[in-house]
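Protein chains in written order, with the numbering used here: chain A, 11 to 125; chain B, 57 to 166.
Hint data in this document are derived by calculation from the structure and do not stem from the laboratory. Ideal Cβ positions, reconstructed from N, Cα and C, are used throughout, including at glycine. Don't take each hint at face value.
[As the list claims (entries may be wrong)] Calculated Cβ distances over 12 angstroms to all of chain A for the following chain B residues:
1. L102
2. A134
3. T142
4. K163
5. V164
[To be verified] Computed cross-link-like contacts, DSS-like style, restricted to lysine-lysine with a CA-CA straight-line distance of at most 30 angstroms:
6. B/K153 <-> B/K59
7. B/K124 <-> B/K112
8. B/K112 <-> A/K19
9. B/K73 <-> B/K124
10. B/K59 <-> B/K124
11. B/K112 <-> B/K97
12. B/K124 <-> B/K97
13. B/K97 <-> B/K59
14. A/K19 <-> B/K97
15. B/K73 <-> B/K153
16. B/K163 <-> A/K24
17. A/K19 <-> B/K73
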Amino acid sequence: NAGVTQTPKFQVLKTGQSMTLQCAQDMNHEYMSWYRQDPGMGLRLIHYSVGAGITDQGEVPNGYNVSRSTTEDFPLRLLSAAPSQTSVYFCASSYLGQGAGNTIYFGEGSWLTVV
Amino acid sequence: ELKVEQNPLFLSMQEGKNYTIYCNYSTTSDRLYWYRQDPGKSLESLFVLLSNGAVKQEGRLMASLDTKARLSTLHITAAVHDLSATYFCAVDPGTYKYIFGTGTRLKVLA
Numbered sequence: 011n012a013g014v015t016q017t018p019k020f021q022v023l024k025t026g027q028s029m030t031l032q033c034a035q036d037m038n039h040e041y042m043s044w045y046r047q048d049p050g051m052g053l054r055l056i057h058y059s060v061g062a063g064i065t066d067q068g069e070v071p072n073g074y075n076v077s078r079s080t081t082e083d084f085p086l087r088l089l090s091a092a093p094s095q096t097s098v099y100f101c102a103s104s105y106l107g108q109g110a111g112n113t114i115y116f117g118e119g120s121w122l123t124v125v
Numbered sequence: 057e058l059k060v061e062q063n064p065l066f067l068s069m070q071e072g073k074n075y076t077i078y079c080n081y082s083t084t085s086d087r088l089y090w091y092r093q094d095p096g097k098s099l100e101s102l103f104v105l106l107s108n109g110a111v112k113q114e115g116r117l118m119a120s121l122d123t124k125a126r127l128s129t130l131h132i133t134a135a136v137h138d139l140s141a142t143y144f145c146a147v148d149p150g151t152y153k154y155i156f157g158t159g160t161r162l163k164v165l166a
């Protein structure tokens with residue numbers, strides 16, 4: 011079972027460069043999201059989507075763009091990388107609704123360093 | 057502003073002992089989640105609590121939810137070394153903007 015797949019796992023960027031973190035899920039989940047994890051700060055929501063063509067901002071959206079053209083894919087774009095964006099990024103997905111099985115599934119993480 | 061606070065932030069305990077991690081949140085929430093994270097790894101789902109009074113147990117871990125007090129607990133019974141990890145709670149305020157606590161780093165000493 012693939013679940014939530016993120017690429018790349020590790021990336022080093024120079025300040026000002028742009029890049030895209032890829033995320034794909036094969037569970038037909040409506041909900042997808044991106045988090046960043048920094049030491050001592052838990053996970054903070056960057057952007058999320060509740061379906062194809064629908065995206066919204068989370069807690070820390072500045073410097074990031076997303077799009078959701080298909081149910082499966084939810085790429086995160088860093089427009090002009092800054093050292094403050096050095097972090098571990100997690101993609102997550104789940105079903106919507108009030109069902110008992112609304113577990114949020116996480117990808118393996120992408121370690122990004124901006125120098 | 058919705059806040060999710062966990063305590064303690066760090067917990068060092070002896071094998072065989074019991075302890076409780078607390079998760080307080082500042083607004084109403086439809087659901088509460090508990091996750092485990094090992095160093096350098098992803099987050100693993102432990103429990104999803106859906107209603108007031110919900111209690112779930114898996115092995116040495118038991119989670120409960122009191123929506124009136126806006127409090128969830130994760131109780132560890134007879135801790136073993138394999139439970140060493142960071143534990144996160146997260147709430148869904150009904151907007152899909154899930155909010156995570158800062159985590160509790162648990163170290164179980166042999």
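Checked hints:
The Cβ of B/L102 sits about 10 angstroms from the closest Cβ of chain A, inside the 12 angstroms cut-off, so the non-interface label is violated. B/A134, annotated as away from the interface, keeps every beta carbon of chain A farther than 12 angstroms; the closest lies near 26 angstroms. With a least beta-carbon separation of about 9 angstroms from chain A, B/T142 fails to lie farther than 12 angstroms from that chain, contradicting its non-interface assignment. Listed as a non-interface residue, B/K163 keeps its Cβ farther than 12 angstroms from every Cβ of chain A; the least gap is roughly 16 angstroms.
Its beta-carbon lying about 21 angstroms from the closest one in chain A, B/V164 satisfies the requirement of being farther than 12 angstroms from that chain. At most 30 angstroms may separate the alpha-carbon atoms for a hinted pair to count; B/K153 and B/K59 meet this at roughly 12 angstroms. With a C-alpha separation of about 18 angstroms, the suggested pairing of B/K124 with B/K112 holds against the 30 angstroms cut-off. Straight-line distance between C-alpha atoms of B/K112 and A/K19 comes to about 33 angstroms, which puts the hinted pair past the 30 angstroms bound.
At roughly 29 angstroms between alpha-carbon atoms, B/K73 and B/K124 fall within 30 angstroms of each other, so this suggested pair holds. For the hint linking B/K59 to B/K124, the alpha-carbon distance of about 16 angstroms falls within 30 angstroms, and the restraint holds. For the proposed pair B/K112 and B/K97, the alpha carbon gap of about 24 angstroms is at most 30 angstroms, so the pair holds. Of the supplied pair hints, the one linking B/K124 and B/K97 is violated, its CA atoms being roughly 34 angstroms apart against a limit of 30 angstroms.
For the hint pairing B/K97 with B/K59, the CA-to-CA distance comes to about 25 angstroms; that is within 30 angstroms, so the pair holds. The straight-line distance between the Cα atoms of A/K19 and B/K97 is roughly 11 angstroms, inside the 30 angstroms bound, and the hint therefore holds. Distance check on the hinted pair: B/K73 and B/K153 sit about 36 angstroms apart at the alpha-carbon level, beyond 30 angstroms; violated. Taken as a hint, the B/K163 and A/K24 pair is broken in the structure, with Cα atoms around 36 angstroms apart against an allowance of 30 angstroms.
With a CA separation close to 37 angstroms, the supplied pair A/K19 and B/K73 exceeds the 30 angstroms bound.
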